[in-house]
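Asker: For reference, the chains in residue letters:
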Amino acid sequence: MSTGYLALVMHAHLPFVRHPERPDYLEERWFFEAVTECYLPLIEVFEGLVGDGVDFRLTFSLSPPLLTMFTDPLLQRRYLDYLDTMIRLGESEYQRTAQDAELRSLALFYLGKLKGARRMFAEKYDCNLIQAFSALQALGKLELITCGATHGYLPLMRTKEAMRAQIGTAVDYFTRHFGRPPAGMWLPECGYTSGVDQLLKEFGVHYFFVDTHGLLHADPAPVNGVLAPAACRSGVAVFARDPESSRQVWDRQAGYPGDYDYREFYRDIGYDLELDYLKPFLPSGNIRVDTGFKYYRITGPGPHKEIYRPEAAARRSAEHAANFLFNRRQQVAFHSRHMSLPPVVVAPYDAELFGHWWYEGPQWVDQLCRKIYAEQDTVRMTTPGEYLQKHRELQAVELPMSSWGEGGYSLVWLNPGNDWIYRHLHHAEGRMVDLADLHAGAQGLKRRALNQAARELLLAQSSDWAFIIKVGTVVQYAEKRIREHVYRFNRLADQIEQGNIEEVFLNELEHADNIFPGLDFSIYSRHRQGRYRDYGAGRAHFRILMLSWEYPPGTVGGLARHVYDLSRALIRHGDEVHVITCPVPGEDAYSLQQGVHVHRLAPEQLTAADFLTWVGQMNRGMSALSDRVTEQWGRPDLVHAHDWLVGEAGLQIRDRYGVPLVATIHATEHGRNHGIHTALQRHIHSREAQLTNEAVRVICCSNYMAEEVTGLFGLPDGKVRVIPNGVDPANLLAGRSREPDCADLDTRGGVPTVLFMGRLVPEKGVQVLLESFPAVLSRVPGARLVVAGRGPYQDHLQGRVQELALEGRVSFAGFVDDLGRNRLLEQARVAVFPSLYEPFGIVALEAMAARVPVIVTDTGGLQDIVEHGVDGFKVPPENAGMLGHYTAELLANPLLAQELCQKAWRKIITRYDWYYIATETRDVYREAGER
Amino acid sequence: MITENVCLPGAYQENTLVLLVQNPEVIFAYWELSNGQWLAVAGYGGLHLRLYEINGNGPGCWLDGQGKLWTEINLPPFTSDWYFCDLSPGRSYCSELGYYGSDHVFYPILRSNRVQTPRVGLSSRPGEHALVAVDLTVAAAPAQETATGQLPGSIDFYRRQEHN
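Residue numbers (the numbering used here), protein chains in the order written: chain S, 24 to 954; chain H, 3 to 166.
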């Protein structure tokens with residue numbers, strides 16, 4: 024009966040070093056040497072264990088660049104050429120050492136290894152090592168997992184989309200090669216940062232690893248320390264590196280690999296012998312490199328080295344394996360007494376340590392597996408996947424950012440030597456995400472260019488480049504790689520944006536950087552539809568009952584507009600939408616409007632004069648009408664209720680048909696009234712509480728609203744989703760004399776015009792705007808302000824205009840319809856929305872869509888819409904001084920205004936398109952359906 | 003066509019201010035201003051970089067009375083990045099780049115993302131031991147056809163070439 028487990032984890036990775044442009048590229052040798060010295064010997068060890076009936080378990084992470092290189096025909100051919108050269112060198116060495124029996128036997132030893140490697144690679148595996156790993160996985164001995172697509176270090180990425188592309192591309196690529204998705208992921212450099220677990224979950228990954236402190240410093244503290252996994256709240260398990268077993272292997276001084284009987288890595292004939300002799304075997308005939316012919320053992324700390332004796336080294340590796348096992352047994356036996364789960368010692372190592380740096384490493388693994396199997400019962404080998412099958416209830420923790428690099432965080436990849444790379448990588452990230460949204464569904468040449476741009480970005484992100492710059496080895500090469508991939512990305516992005524893709528250039532890049540043939544650039548989209556796990560299983564289209572008390576025509580507020588735009592956008596996704604709403608004079612009880620089924624109550628159903636009685640009538644009517652709709656069209660997949668007014672009907676329909684209820688809360692009674700003061704308000708508030716608590720998902724249009732709704736009604740984390748309102752730029756064109764264009768900002772409207780639109784009530788803040796205006800006039804004397812809208816505050820505001828001596832500078836345009844709004848926007852050089860309270864702020868989106876630079880207050884939903892100094896300006900509420908300053912800045916600096924205007928327009932079309940809003944809404948529907 | 007030894011762009015003509023966490027006590031900031039913003043700030047004194055420590059858990063960098071100014075750097079000319087050192091672990095930070103107007107008011111022209119320094123040491127939250135079940139659902143394979151053969155370098159591509 025075993026007491027605990029050992030999970031030996033090997034992470035195999037090399038950066039993508041494939042250089043078709045010329046032969047003899049030095050960096051390709053990294054791959055060739057690793058195949059000869061690490062991957063083939065390890066495979067040989069595993070196969071030997073299988074052959075001898077030794078039951079062992081090992082977790083093996085294969086990074087996607089390595090998988091690509093394993094399967095790449097050019098590198099396969101070049102590896103054979105390399106092996107042939109090395110075999111010739113071995114034969115030459117055999118001749119050269121004829122006078123020295125010891126050296127000669129070593130030359131023969133290496134020659135035999137090389138010939139064996141060639142046989143194994145070319146004949147047994149047909150040049151493709153993936154087959155070997157696949158077979159070992161099929162036998163249940165190896166648990167194969169993968170890593171980030173190009174080993175990009177996640178904590179230093181700027182966008183969630185870039186992290187998703189690293190993770191998703193890797194999972195997809197792994198699945199294509201091995202026919203099943205990886206159970207776990209080795210995060211590049213063990214780099215974890217908040218949110219990574221959710222992305223792993225999105226792609227069906229069950230576990231990942233962090234360094235010791237990455238779990239030890241979690242909150243709350245892990246009750247089992249680091250010898251048992253914990254889990255993120257997302258339900259993804261985390262295993263931590265065991266420090267003791269790490270140290271025994273990794274430690275420079277005390278670690279096993281430094282034993283004096285082991286082979287000395289730094290004495291290689293490539294550096295020791297005459298260049299003339301070596302010439303035929305060296306790259307370009309004159310570059311000294313490691314050849315692998317290393318004849319000495321470590322011997323001691325000094326420069327004196329003695330001949331290497333493989334038999335003595337083999338005895339040592341067996342002793343070290345025994346020592347390692349002894350320590351694990353002690354460790355497991357000691358800790359198991361205090362733990363609620365069986366201990367699992369996670370011992371992760373770079374695979375390239377074994378065989379390359381630590382020549383005897385593969386033998387040590389061999390001995391260790393044999394001893395664990397045959398000599399004791401305390402410790403059994405396991406894999407994280409196997410462990411989780413037995414123990415899936417784990418302690419929930421929140422993990423801090425961490426990595427396994429020097430210092431435990433991001434120092435290695437972010438320091439004064441390499442920090443300059445991030446602005447380029449981040450710029451490319453943002454641009455790639457925009458391109459994916461702007462060119463969704465692109466085909467042909469454009470699609471190829473987008474996919475290649477994504478490949479170039481991924482390749483530029485390899486953590487290897489920043490690492491190499493930090494440790495100062497082949498810095499020029501690393502810098503060159505970053506420069507090249509960023510350049511290629513930017514050039515492709517320019518061509519895609521300008522619509523003139525050079526096919527010759529694209530062809531060359533596809534040849535040179537041919538990683539991930541099946542990559543789909545849409546993985547970078549902010550609105551990527553459907554999570555990986557839904558492919559095939561998820562529902563393609565929904566039949567939705569949409570409940571809204573108002574629907575156009577008959578618009579009273581923004582809610583009608585929202586339901587109208589959302590419903591039409593859902594139709595574009597292929598969904599069937601039935602809107603159930605109130606009657607409007609002149610409208611039929613049923614109509615099909617642009618694909619949306621609109622069902623209206625009969626006017627005689629709504630007779631009550633009392634508000635709440637009327638609401639009751641409406642809900643009963645909607646509930647009854649939904650029966651008729653269902654009878655005729657079939658059972659709905661879900662019911663979506665907009666605001667508390669229709670909540671009762673939503674609940675009834677949910678219960679009657681057993682379908683999920685989703686609710687959108689556009690505004691709350693509490694927010695509208697700054698608190699709950701009357702009996703009616705209390706009643707409405709309780710209805711809101713009921714609806715939001717009963718609905719399986721709640722949608723709010725801004726982070727501000729989500730926080731308000733979550734807090735007011737005590738909703739659990741994760742129940743409320745933020746999906747903004749959309750805007751349809753086409754609606755802003757009617758009535759204009761010219762197409763909207765950021766370039767005409769300095770001439771628009773004759774005089775510099777500032778525009779406000781909205782109801783004239785105190786919370787819209789027009790009084791602050793008026794107070795700010797004298798300062799604007801002192802810098803821009805010709806400026807004027809147009810206030811469009813009406814409301815109870817108008818008289819007061821007009822009084823303020825007089826008090827501030829702004830007559831002739833401020834005009835009140837009164838209520839404007841859509842055409843009037845569009846004409847005012849055409850004249851405006853700046854639009855200002857100085858609200859004190861604003862759940863969303865659709866007017867700001869409309870101004871941005873009409874290419875008017877905006878200034879908004881940093882409050883409510885407005886603060887989500889504008890990024891300060893990037894696509895508009897934000898000022899604190901009720902701060903007239905700041906408001907006047909930024910208004911004058913935009914009027915006085917047309918180039919700046921134009922830049923912000925262009926960024927704002929890009930934001931509108933990449934984030935606030937109704938099609939995208941519908942995409943996100945459908946994700947919520949899908950989640951609701953899963954529950 | 004593929005040029006070796008290419009240069010990186012000197013500027014991207016965008017307004018951006020980004021914070022990155024190096025370790026629990028160090029945050030790196032970098033920024034860039036567009037031509038239009040450079041023209042606009044030319045009339046003011048030098049640029050200042052502020053770092054705020056933020057409370058609360060909002061997703062953005064909300065400064066409505068929740069944050070405290072941790073430090074302010076009067077930036078030397080031609081600076082485009084900065085390391086903030088000696089910060090506290092387990093805290094949220096956010097930065098602003100701006101200038102002082104003639105009224106001595108600080109006007110931010112850029113606001114950064116919000117970052118959190120990792121917490122260190124054993125958490126003192128006592129005895130909390132909420133369990134979560136690990137999601138072991140096996141993801142379905144992607145719906146698309148395997149797209150090997152599209153690109154030069156893939157095995158199928160080369161096989162095709164050899165046949166032709």
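Keep in mind the hints are simulated off the structure, nothing from the lab. A few of these clues could be false.
[As the list claims (entries may be wrong)] Here are the simulated distance ranges between beta carbons: (1) G12/H / P804/S: 29 to 39 Å; (2) G92/H / G831/S: 49 to 59 Å; (3) P79/H / D764/S: 28 to 38 Å; (4) G12/H / I932/S: 42 to 52 Å.
[To be verified] Stretch-level coverage of chain H by chain S, calculated; a stretch enters the list once three of its residues show a Cβ under 8 Å from a Cβ in chain S: (5) 14-25; (6) 46-52; (7) 73-81; (8) 131-139.
Beta carbons: idealized from backbone N, C-alpha and C, even for Gly.
Asker: All hints are to be evaluated individually against the structure, with a verdict given for each.
Answerer: Now the hints, each set against the structure:
no.: 1; hint: G12/H / P804/S: 29 to 39 Å; result: holds, 38 Å
no.: 2; hint: G92/H / G831/S: 49 to 59 Å; result: holds, 57 Å
no.: 3; hint: P79/H / D764/S: 28 to 38 Å; result: holds, 35 Å
no.: 4; hint: G12/H / I932/S: 42 to 52 Å; result: violated, 28 Å
no.: 5; hint: 14-25; result: holds (count 11)
no.: 6; hint: 46-52; result: violated (count 0)
no.: 7; hint: 73-81; result: violated (count 0)
no.: 8; hint: 131-139; result: holds (count 9)
Hints 4, 6, 7 from the list above are not met by this structure, while the remaining hints are.
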